[in-house]
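Heads up: the sequence lines are chains A and B, in that order.
When the letters of the first sequence are read in order and numbered with my numbering, they come out as residues 1 to 276.
When the letters of the second sequence are read in order and numbered with my numbering, they come out as residues 1 to 441.
Watch out, some of these pointers could steer you wrong.
[Claimed, not checked] Simulated pairs of lysine-lysine, BS3-like, Cα-Cα distance not exceeding 30 Å: (1) A/K104 to B/K45; (2) B/K104 to A/K177; (3) A/K188 to A/K177.
[Said to hold, decoys possible] What follows is a list of derived Cβ distance ranges for each label pair: (4) A/D151 to B/G148: 51 to 61 Å; (5) A/G38 to B/A152: 46 to 56 Å; (6) B/T215 to A/G206: 54 to 64 Å; (7) A/G179 to B/A42: 31 to 41 Å; (8) B/T215 to A/S169: 46 to 56 Å; (9) B/G38 to A/A150: 46 to 56 Å.
If you are wondering where the hints come from, they were derived from the structure by calculation, not from laboratory data.
All of these numbers come straight from a predicted model, not from anything done at the bench.
By construction, the Cβ of each residue, glycine as well, lies at the ideal position given by its N, Cα and C atoms.
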Amino acid sequence: MKLLKRYSVLVSALLLGGMAFALQAANRPAGVVLLVSGQANAQVTGEPARALNRRAEIYVGDRINTSADSQLQLRMKDGAMIALGANAEFTVKAYSDDAAGDKKDEAVLSLVKGGLRTISGQIDKSAYSLETPTATLGIRGTVFDVFVKADGTTVVILRDGVVMVNGESGGSQQLTKPGLASVIQPGKAPTEPATPPEDVLDYLRGILGGLPDDVTWQADGEGGITFKAGEDIINIINDYPPGMTGDGDVPGVPAGGASCGPNDFSCQCRLNPYGC
Amino acid sequence: MEKFLKPLVIALAITTGSVAVAAGNSDLETLRNRMTSGDTQAAWKQAQQMRGQWESDPEFDYLYGLLAYDQGMYNDAQFSLERVTVAEPGNVQARLALAKSYYKLGDEHSAARHFEVVKKSNPPANVMRDVNHYMAEMGHSRSGSLTGFVEAGLGHDDNVNSTTGDSSIANPSYNPLLATSDPLILLSPDSGRESSNYNFLQGGLDYYQPLDSDTGIEASGRVGMRHNFDSNDYDNNLYRGSVSVVQAIGKDQLRGTFTALNNRTSDSDNQNYYSLSADWTHYTYGGWSLSSAVFFNEIFYPDDDLRDIYQYIGNFAAQRRFGRLSNTFGLIIGDESARNNGGDQNARSFTGAYYDVNYDLSGGHLVYGQIYYQDAHYDGADPFFNQTQDTQFGQYTLGWDWHLSKPLRLRTEVIYGNNDSDIDYYSYERTRVQTGLRYSF
Chain A
1 MKLLKRYSVL
11 VSALLLGGMA
21 FALQAANRPA
31 GVVLLVSGQA
41 NAQVTGEPAR
51 ALNRRAEIYV
61 GDRINTSADS
71 QLQLRMKDGA
81 MIALGANAEF
91 TVKAYSDDAA
101 GDKKDEAVLS
111 LVKGGLRTIS
121 GQIDKSAYSL
131 ETPTATLGIR
141 GTVFDVFVKA
151 DGTTVVILRD
161 GVVMVNGESG
171 GSQQLTKPGL
181 ASVIQPGKAP
191 TEPATPPEDV
201 LDYLRGILGG
211 LPDDVTWQAD
221 GEGGITFKAG
231 EDIINIINDY
241 PPGMTGDGDV
251 PGVPAGGASC
261 GPNDFSCQCR
271 LNPYGC
Chain B
1 MEKFLKPLVI
11 ALAITTGSVA
21 VAAGNSDLET
31 LRNRMTSGDT
41 QAAWKQAQQM
51 RGQWESDPEF
61 DYLYGLLAYD
71 QGMYNDAQFS
81 LERVTVAEPG
91 NVQARLALAK
101 SYYKLGDEHS
111 AARHFEVVKK
121 SNPPANVMRD
131 VNHYMAEMGH
141 SRSGSLTGFV
151 EAGLGHDDNV
161 NSTTGDSSIA
171 NPSYNPLLAT
181 SDPLILLSPD
191 SGRESSNYNF
201 LQGGLDYYQP
211 LDSDTGIEAS
221 GRVGMRHNFD
231 SNDYDNNLYR
241 GSVSVVQAIG
251 KDQLRGTFTA
261 LNNRTSDSDN
271 QNYYSLSADW
281 THYTYGGWSL
291 SSAVFFNEIF
301 YPDDDLRDIY
311 QYIGNFAAQR
321 RFGRLSNTFG
331 LIIGDESARN
341 NGGDQNARSF
351 TGAYYDVNYD
361 LSGGHLVYGQ
371 IYYQDAHYDG
381 ADPFFNQTQD
391 TQFGQYTLGW
401 DWHLSKPLRL
411 RTEVIYGNND
421 SDIDYYSYER
431 TRVQTGLRYS
441 F
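Only chain A is shown next, with the shape it has when bound in the complex (with noise of 0.2 Å):
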């Protein structure tokens, strides 16, 4: 007993680092929320489940849902991003602590339904798989959409690079031209590529694709915008000329002498003062 005393505070201590190490081993870190609109909550085996905000992390082992009308994107660890549309459901299965980008990567990724929209990360791309319920996927530096319907049926769209797609029911396809879909049904193996089905497009448009309905171009700083957007940064991105507008007379350019345009003489009788 008194042994057990006077050793108390290192087995305590001991104790709760080993706690505390097997918590770490079973909530490593996979990635990180980077929007959530809507509600989409994230839940490891065996523990109870979180709702997820921004910046919160997600763990190996997480599942994650979102409800309908939401939607979640986050960054994994290697840099690989994740959008997750509505209704989704999507699993963590494995993803490398340190994404060298060698042979010791793997990242296992599950989507049981709904859809999502991925560019990958630096992961090395022969360890990287995305399962549903009826194909795996593999890639090779890529973009890609998938979508998993209710009954399993899984269509993957390429957006760039190359994906590989296996049927769990045998058969495969390379998808390597943008824009185009294989689709797996269960039972079948993945068809040739081709056009999207409209619903399924319609699906992944939505996801963080939502429009307001009636929005005002505003100046900085008004209506909603917390920090400043307007001229002087967006056309970092112009491929037109800005700001040369003529007399004003168009949506958006004030009347008057504040809307000359730097070469309209005529307005405001400017250069010809019969013409007033």
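Go by the hints and put chain B onto chain A.
Okay, now just chain B, sitting in the frame of chain A:
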């Protein structure tokens, strides 16, 4: 001891937190500055370093999205900008960039949906034109866009005939040594300065027809009518039409325009004006827009063909927006030649400079100002005063534009002009105050 330590620890924590926030904001500011100054490579490098900590912050995502687009990484741009548009659905600028990303990725369906939202948001003209080009390229909108306005208002003009207010002027022929003529010339009271209240009605239509992603045709028409209440003369009707061909080449735009104008004073043809012009505009990353134009104009006066002239004008202008403040600086050089023998006294050589500024006060209010100064030298001697005229003309405008609702705005402005000629008869001052209600569609 604890009594002293507690506040110290709290103060330290607050200071550390403040420093961290300030450092973070400063990172974002540095990134933004690099982008606006055109150093997009350095900005992209910095953005990638900041990504782990800042990703999912809407402002960072927006900047990152633009940089990714600039780097040709359209998938990254798409993910980033999608986050911004979900977090801030009213951010049309982000939606525009997102639509362009979809377009670049070949997802024309999504691009068109988002471009439509941008079009409906009442964006600036240049953005509208840009979107129209994309829509045309995708075959979604080759029908072009029609916009227009109607404006009615009232005003007061203290010098409707732009003449001197003096009852007598110095006689330029007077020689005090010889004293063969009068030192002053008395002016007839009938030809003096007239002031009047007036009403005005004006309208315009602009049509833009994209032909492909880089080319389009624009046509515009203007009608203006002014009726003086207190003067029988100088009522003024103006009709103007123009057709342009627009060619976009990267960040440059070239445009060729033909303009015709008919100006009727007191219901008689006072002036006809035909113009051929070519202009070029270019945007630089630093935020400056540069432009230049050349004009060849023919101006006819049906009642007095000695006033007919050919006019050649060149100009250069720079435009820059600083947040809510927009500035335009311009220089003009021009030369005129008489169309008919004996008309040299009506042709000038001139140089001018202008500065336009407007400031968006928010809440639908915008104030604006213009300064225009011109120095002119006439080619021939005035036949009456036997002197070649030099003039300095200045015009100053101060205005306020009040956006009452989406299509409706109230514009109020004061315009003061001063023509200072070395022949007193041609010197005058003129002030107009006017207010008008404009409906745009």
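Notebook entry, point to check: Holds or violated: 46 to 56 Å for the Cβ distance of A/G38 and B/A152?
Noted result: holds (49 Å)
Note to self: For the hint 54 to 64 Å, verify it against the beta carbon of B/T215 and that of A/G206.
What the structure shows: violated (35 Å)
Check: Taking the beta carbons of B/T215 and A/S169, is their distance inside 46 to 56 Å?
Finding: About 53 Å separates the Cβ atoms of B/T215 and A/S169, which means 46 to 56 Å holds.
Note to self: Against the range 51 to 61 Å, how does the distance between the Cβ atoms of A/D151 and B/G148 compare: consistent or not?
What the structure shows: The hint (51 to 61 Å, Cβ to Cβ) holds, given that A/D151 and B/G148 are roughly 54 Å apart.
Notebook entry, point to check: Regarding the pair B/K104 and A/K177, is the alpha-carbon distance no greater than 30 Å?
Noted result: Given pair B/K104, A/K177 holds - Cα atoms ~16 Å apart, limit 30 Å.
Notebook entry, point to check: If you draw a straight line from the CA of A/K104 to the CA of B/K45, is it 30 Å or shorter?
Noted result: Distance of about 28 Å is within 30 Å: holds.
Note to self: Just to be careful, I want the Cα atoms of A/K188 and A/K177 compared with a cutoff of 30 Å; is the pair within it?
What the structure shows: holds (22 Å)
Next item on the list: Starting from the range 31 to 41 Å, see whether the pair A/G179 and B/A42 falls in it by beta-carbon distance.
Entry: Given range 31 to 41 Å: holds, Cβ gap about 35 Å.
Notebook entry, point to check: Cβ-Cβ distance between B/G38 and A/A150: within 46 to 56 Å?
Noted result: Once the Cβ atoms are compared, 52 Å apart, the range 46 to 56 Å for A/A150 and B/G38 holds.
Of the numbered hints given earlier, the model fails hint 6 alone.
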